[in-house]
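Chains as they are written, first to last, in the working numbering: chain A, 1 to 313; chain B, 1 to 294; chain C, 1 to 134.
Hints were generated in silico from the structure; no laboratory data involved.
Just so it is clear, CB atoms sit at the ideal spot from N, CA and C, and this is done for glycine as well.
Certain hints may be false.
[Unchecked claim] Here are some chain B residues pointing at chain A (derived, C-beta under 8 Å):
#, residue
1, 8
2, 9
3, 65
4, 92
5, 93
6, 100
7, 102
8, 103
9, 104
10, 105
11, 107
12, 108
13, 174
14, 235
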Amino acid sequence: MTDTATAALPIDLGNGPFAVTTRGLAKQFGSARALDGLDLQVPEGSVYVLVGPNGAGKSTLIRTLMGLVRYQDGAVSVLGRDPADRGAEVRADIGHVPEDYRVGYAWMTVGRLLGHQAVYHPSWDAEYARRLRARYGIDPRRKCHTLSKGESRRVQLVLALAHRPPLLLLDEPTDGLDHVVRDETLSILSEHLADSPTTVVISTHRVYEVEPLVDHVGVLSEGRLLGQLPRDELYGGLLRYWADVPEGWRGPGELAGRVVRRSDAARAIEWTVWGDRDAVTRGLSQAGAAVREVAPLSVDEAALALLSAREAT
Amino acid sequence: MTDSPASRIPAMKAVWGEQLRVVGLAIRREGALAALALALGSVALIAFSRMPVLQAMVDGEIGELVFDPGEPPWGFFGVLGALLLPLVVWKGERRFGDTPLWSMPVDHRRHALLKVAAGWVWLMAILGAALVWVTLTTLASGGSLGVDEVRLLVLDPAGVAAGTPGAVQSVNWTTPWWEWALPFTSATAAYLVASTLILATRRPLFWAAGLWVAGGVVLGIADFRDIDWMQRVSDFVAWYIGGDSFTRGMQLPTGGREVWTLLPSVKMWTASSAFWIGLGLVGVLAASRRARDR
Amino acid sequence: MKIRLSHADGRPLYVQIMDAVRSGLVRGSLRPADPLPSVRELSSSLRVNPRTVSQAYAALERDGLVRVRHGKGTFVAPGVRPEEKERPRLAREVARRALADASRNGLALADLMTALREVEGGDAHGDGRKEDGR
Numbered sequence: 001m002t003d004t005a006t007a008a009l010p011i012d013l014g015n016g017p018f019a020v021t022t023r024g025l026a027k028q029f030g031s032a033r034a035l036d037g038l039d040l041q042v043p044e045g046s047v048y049v050l051v052g053p054n055g056a057g058k059s060t061l062i063r064t065l066m067g068l069v070r071y072q073d074g075a076v077s078v079l080g081r082d083p084a085d086r087g088a089e090v091r092a093d094i095g096h097v098p099e100d101y102r103v104g105y106a107w108m109t110v111g112r113l114l115g116h117q118a119v120y121h122p123s124w125d126a127e128y129a130r131r132l133r134a135r136y137g138i139d140p141r142r143k144c145h146t147l148s149k150g151e152s153r154r155v156q157l158v159l160a161l162a163h164r165p166p167l168l169l170l171d172e173p174t175d176g177l178d179h180v181v182r183d184e185t186l187s188i189l190s191e192h193l194a195d196s197p198t199t200v201v202i203s204t205h206r207v208y209e210v211e212p213l214v215d216h217v218g219v220l221s222e223g224r225l226l227g228q229l230p231r232d233e234l235y236g237g238l239l240r241y242w243a244d245v246p247e248g249w250r251g252p253g254e255l256a257g258r259v260v261r262r263s264d265a266a267r268a269i270e271w272t273v274w275g276d277r278d279a280v281t282r283g284l285s286q287a288g289a290a291v292r293e294v295a296p297l298s299v300d301e302a303a304l305a306l307l308s309a310r311e312a313t
Numbered sequence: 001m002t003d004s005p006a007s008r009i010p011a012m013k014a015v016w017g018e019q020l021r022v023v024g025l026a027i028r029r030e031g032a033l034a035a036l037a038l039a040l041g042s043v044a045l046i047a048f049s050r051m052p053v054l055q056a057m058v059d060g061e062i063g064e065l066v067f068d069p070g071e072p073p074w075g076f077f078g079v080l081g082a083l084l085l086p087l088v089v090w091k092g093e094r095r096f097g098d099t100p101l102w103s104m105p106v107d108h109r110r111h112a113l114l115k116v117a118a119g120w121v122w123l124m125a126i127l128g129a130a131l132v133w134v135t136l137t138t139l140a141s142g143g144s145l146g147v148d149e150v151r152l153l154v155l156d157p158a159g160v161a162a163g164t165p166g167a168v169q170s171v172n173w174t175t176p177w178w179e180w181a182l183p184f185t186s187a188t189a190a191y192l193v194a195s196t197l198i199l200a201t202r203r204p205l206f207w208a209a210g211l212w213v214a215g216g217v218v219l220g221i222a223d224f225r226d227i228d229w230m231q232r233v234s235d236f237v238a239w240y241i242g243g244d245s246f247t248r249g250m251q252l253p254t255g256g257r258e259v260w261t262l263l264p265s266v267k268m269w270t271a272s273s274a275f276w277i278g279l280g281l282v283g284v285l286a287a288s289r290r291a292r293d294r
Numbered sequence: 001m002k003i004r005l006s007h008a009d010g011r012p013l014y015v016q017i018m019d020a021v022r023s024g025l026v027r028g029s030l031r032p033a034d035p036l037p038s039v040r041e042l043s044s045s046l047r048v049n050p051r052t053v054s055q056a057y058a059a060l061e062r063d064g065l066v067r068v069r070h071g072k073g074t075f076v077a078p079g080v081r082p083e084e085k086e087r088p089r090l091a092r093e094v095a096r097r098a099l100a101d102a103s104r105n106g107l108a109l110a111d112l113m114t115a116l117r118e119v120e121g122g123d124a125h126g127d128g129r130k131e132d133g134r
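Hey, can you work out the whole structure from these sequences and the hints?
Structure (C-alpha cells):
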C-alpha cells in the first residue's frame, strides 16, 4: 500500500446534522504527530465510539474538542462553535470524563465537589445528581483523595451527567470500573439517553464494554480514521467469510469488496471483507471456493481487523 | 437540549464567589497552621512579659516587644507568606494538564485571573488579621507600637571612618503612617510575582530558586566591586519591603552602632512598590495569556 | 417480557428485540393489547441504546404488530393473530438459522431433515452421545 492509501472503510457519514465535526484536524506535540488530518463526523443524537490503541490520538482529540489543547491545522466545530475561540461556551455544553481518573480538588469532600460543579453549570439537576450518587453508592462526606480509582470514575460520571449537557465526551469512562459497576453505568447511560437527548462520544480501547450502546463507530490509528460508519453498516458490510477451497487455490482475480484481512490454510480460508455480502459470496464461489459461513464482526473484532491490517501494511 | 447557550454559562459573580470559596478551602489548613504558630508566639510573649518568674528565668533577656511594621522581620514574614501562597492557592490544579479550572465553562484567561484575584483577597484578609493580632499581642505584653528614636544618618560614608565631624547626623525618627500599609503592598507585590511563576512555568520552585540565586549573585557583585549604580538599583528594588532594611552595620569611631545610609521615605516606598506591583501585574497578565493559549 | 440479547448473534440488536417480541406472541406470553415495556425501561434493563429499542418498536409498528399510543406507551396491536402470520414467519427464521448452521458444518438439507426427524423421535440421543465420546 502506498502513503496515499485512504481508509479501508468509508469515513463519510453524509450530510448530518452533526454535533461535532473536524476537517483536516492536525495537532503536533513537538515532533510527535498526535492528530494527522482527522475528519471526524459525529451525528447529532448518536452514541459514537472512538476505537483505537493507546496513543492513537483519542485523548488528544477529546481534549481538542473541549478546548483544552489548541490545534495547529484544520477546522473544528462542536455544536456549531470552534472550541479554540469560544471555549467557555463549548465547555458549558459538554459533560466531560477526562482520561485522568484523579479529581483535581482531592481535599474536597464528594459533596463539596458536586456543589462546585453545580455552581459552574446553571442547568445542574441536584436531584438527579443525588440519585446517581446514591445509585453509585458514594458517600458525599468522603474526601476525594480517599476514593479508589473506580469510585473516582463514578464521581466523574456524576459530574459529567448531572447537568444534562447536550454533548458527553467520555474518555475511557469504564476504566477502573468492576463488572457490576460497569453494568450499572451502562444502565445509567441508557436511561440518561432515554431521558435527555444527548450526543455521546466515547473513547475506549475496550469497545466490548460499551458495544450495546453504540450507534456509530470510528476507528482511529496514528491520528487518522481508518473507518467511520454506522454500526449497523459495519455489521452488514464488514463480514468474515469461511470457505473451503481446493488445494493450491489462488483466490479470485478481482473481488467486489475490499479484503481487510485474510488468513489462508491449506484447504480453507478465513477472509474479512468489506463489501456486499452476496457479491462477495458470488465472487468467492465463482473462483472455486465453497463458502461455508458468513458472519458479522463485533465492533471490537472489526476494529481489531482494521488495526491489524494497518499494521501489516 | 432546548437550553439557549446563555443559560448554560455560569454568571461571573457566581464563579467569583466560588473561587473565593475554593481558594479559602485550599488554604485553610496552611492558614490554620500559621494562626496556631502566631497564637503560640503571642501566648509565649505575653507570658514572658507579664510573669516575673519567667522573666527571671531568662535573665530579662526577652525585652518588651516593639512592633514596627517597617522593620525587616515583619515585612519579611508577610513577603515569605505571599511568595508561598500561590503554591497553596493552586493546590490540586494540574496547570499544564486537564485541571479542574480549565475544564469549566469559563474563558481560561479570565478564570486564571479570577483565581489569582481570589488568592489575593485572602492574602489581604489574612495579613490584616495577622497585623491586628500582632498589634493586640504587643499591647497585651506591654510593648510599644511603632518606634520613636534617634537614628544616625550617614551623610559622608568616606568621612565616617576618618571620623570627620558632620559625617553622621542624628535624626529624630517616628514610624510614619505609611509604614503601616507597607506589609500589604510588599505582600501584594511578592504574591503577584510568585503567581506569575506558578502560571508561566511548570516548575515554579525551580525558577524561584534560580532567580533568587541569580539576584544574589548580581547583588553580591555589585557590593563586592562597589558598582554604585547597581547598588542604587538594588536599593530601589528592595525598597518595597521597607526602607528600614537599609540600615547598614558600619564601624563608627564611637563604636559599632547601627547607622542609616538613607531614611525611609514615602516617595521611595511608593516608587519601589509601584515598580514591583506593576511588574507582578504585567507578569500575571502575560502568564494568563499562556493559560488561554494552551 | 423477557429478552436475552447476544452480541455474538449475527442479528443486529434491534432485530433480536423484534424477534423476541414475535416469539413472545407465538408462545402466548404476549397477547393482543398487552403493554410492552417503555423504551426507557427496556433499554436500561438490556443496557442498550434507547434508539435501538425505538428502532425495533418502530419496525414492529410498521409490521402492524404493535401500536404506539403517544403518552401511554407501546402495546401489542389488538388485531394481531400470531397463528396466521407470526408462527410461520418465526418458523422460517429458525429454519434459516438451522440451515446456515448445517451448511457451516458441511451438512446438506437432507442430512438436517433426517436428523431432525430422528431427534424428534428421541432416537438420535444416544447417537449424539456416542459421537461426542468418540
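Check each numbered hint from earlier against the structure, then list the numbers of those it violates in ascending order.
3, 13 and 14
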